[in-house]
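Trainee: The sequence shown begins at 1 in full-length UniProt numbering and counts up by one.
Hints may contain errors.
Just the calculated beta-carbon pair ranges, DEER-fashion [stated by the list, open to error]:
| no. | residue 1 | residue 2 | range |
| --- | --- | --- | --- |
| 1 | P42 | S81 | 20 to 28 Å |
| 2 | F72 | W167 | 15 to 23 Å |
| 3 | M146 | F72 | 36 to 44 Å |
| 4 | L287 | L38 | 38 to 46 Å |
| 5 | L27 | I202 | 21 to 29 Å |
| 6 | R51 | I242 | 14 to 22 Å |
| 7 | F277 | A65 | 28 to 36 Å |
| 8 | Q228 | L38 | 30 to 38 Å |
| 9 | P341 | S12 | 24 to 32 Å |
| 10 | I242 | D85 | 44 to 52 Å |
| 11 | P50 | T198 | 39 to 47 Å |
| 12 | T303 | I5 | 37 to 45 Å |
| 13 | M203 | A283 | 12 to 20 Å |
Pairs of lysine-lysine, BS3-like flavour, derived with a Cα cap of 27 Å [as the list claims (entries may be wrong)]:
| no. | residue 1 | residue 2 |
| --- | --- | --- |
| 14 | K177 | K223 |
| 15 | K58 | K223 |
| 16 | K225 | K58 |
| 17 | K58 | K177 |
No lab work stands behind these hints: they were computed from the structure. These figures come from a predicted structure and were not determined experimentally. All residues carry an ideal CB built from backbone N, CA and C; glycine is no exception.
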Amino acid sequence: MSPTIYTIILSSLATGTIITMTSHHWLMAWVGLEMNTLAIIPIISTMHHPRSTEAATKYFLTQAAASALILFSSMTNAWSSGSWDITQTLTSPSHILLTMALAMKLGLAPVHFWLPEVIQGSTMTTAFIITTWQKLAPMSLIFLTMNNLSTTIFLLMGLLSSLIGGWGGLNQTQTRKIMAYSSIAHLGWMATVSSIMTNILIMNLLIYLVMTTSVFFSLIISKSKTIQDTASTWTLSPTLTIIMMLSLLSLGFLPPLTGFVPKWLEMEELILQGFNFMTTMMALSSLLSLFFYLRLAYTTTLTLSPNTTQTKFKWRFYPNTSAVLLSMPATVSIFLLPLTPLIIL
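Take these sequences, add in the hints, and give me the full structure.
Mentor: Here it is, written out as structure tokens:
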């Protein structure tokens with residue numbers, strides 16, 4: 001793909017998200033989501049491979065169905081109330097339709113099946129865009145309409161997502177699929193807290209974006225597509241192995257790293273609201289996620305790949321990807337919690 005076309009597509013992607021985030025009319029929000037979907041389809045299918053074509057088709061069908069549900073929800077609401085305003089109270093069928101549509105857009109369980117398949121069929125950079133930027137528009141709609149959405153459905157989907165995100169990632173060997181299930185688990189936590197306190201939702205989303213950026217850039221620079229590939233990262237850059245290990249552990253909610261902050265606050269808020277059993281289940285599900293992050297961190301830093309005379313190591317060429325893009329997210333995803341007392345004082 002030529003740089004000019006790629007720039008136009010990326011700017012369309014950004015414009016679609018911004019239109020959705022800034023609109024107060026349902027029709028404009030829908031237009032933004034459609035622009036967003038149509039812009040990323042060519043990015044997914046750039047590889048000219050049957051798997052990437054399949055991923056693009058799956059993504060298009062899922063997102064088109066979710067957008068149609070959002071449009072249908074807003075039309076039924078406008079039919080009964082006469083208002084297209086996003087912040088207006090929704091009627092009963094409309095808010096259930098909207099809840100399911102936004103869950104499908106994000107990839108929350110039980111409508112999560114498209115996410116691992118689409119991410120596995122696309123390049124690492126495209127997978128990074130899908131797991132980070134593509135979550136902003138649906139999350140902004142959740143933030144705007146949270147008072148009208150079904151709290152019970154969101155709590156149940158959040159719990160289910162955190163469990164499936166943990167269980168699903170255990171058996172994976174592909175780093176992209178591991179990151180997909182990691183995304184499902186994190187979004188489950190966000191969906192749970194969204195109906196209780198939106199401030200924590202935004203903070204969790206920002207920290208998730210930074211941590212995922214850090215891990216994805218580490219994987220892109222080291223060209224690690226499987227767990228086995230991460231075992232030879234040390235030959236490319238010993239420093240990168242340490243950054244990658246700490247970023248993965250931060251993504252696994254391990255104190256005293258940054259990833260522990262949102263989970264700590266969310267668990268505290270859920271317990272205050274009386275959801276003790278649910279908090280316990282979600283904390284246990286985060287241990288499942290931590291297991292596969294630890295496995296990745298272990299293969300990256302503490303193991304050597306089988307060394308025979310035929311083993312091909314990665315040469316230390318000058319990296320094609322700028323490491324400057326890794327430095328800031330990596331620093332924030334590792335040191336934000338330890339530096340918090342100094343920032344406050």
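Trainee: Against each hint, give a clear statement of whether it holds in the structure.
Mentor: For each hint, the structure was consulted:
1. P42 - S81: 20 to 28 Å: 38 Å, violated
2. F72 - W167: 15 to 23 Å: 32 Å, violated
3. M146 - F72: 36 to 44 Å: 20 Å, violated
4. L287 - L38: 38 to 46 Å: 40 Å, holds
5. L27 - I202: 21 to 29 Å: 25 Å, holds
6. R51 - I242: 14 to 22 Å: 33 Å, violated
7. F277 - A65: 28 to 36 Å: 33 Å, holds
8. Q228 - L38: 30 to 38 Å: 36 Å Cβ-Cβ, so the 30 to 38 Å window holds.
9. P341 - S12: 24 to 32 Å: At 43 Å between Cβs, range violated.
10. I242 - D85: 44 to 52 Å: The hint (44 to 52 Å, Cβ to Cβ) holds, given that I242 and D85 are roughly 50 Å apart.
11. P50 - T198: 39 to 47 Å: 42 Å, holds
12. T303 - I5: 37 to 45 Å: About 42 Å separates the Cβ atoms of T303 and I5, which means 37 to 45 Å holds.
13. M203 - A283: 12 to 20 Å: 19 Å, holds
14. K177 - K223: Given that 27 Å is the threshold and the Cα spacing comes to 15 Å, the pair holds.
15. K58 - K223: Distance ~25 Å between K58 and K223 Cα, so the pair holds.
16. K225 - K58: At roughly 21 Å apart (the allowed maximum being 27 Å), K58 and K225 satisfy the hint.
17. K58 - K177: Given pair K58, K177 holds - Cα atoms ~16 Å apart, limit 27 Å.
Figure legend: structure checked against the earlier numbered hints; hints not met, in rising order: 1, 2, 3, 6 and 9.
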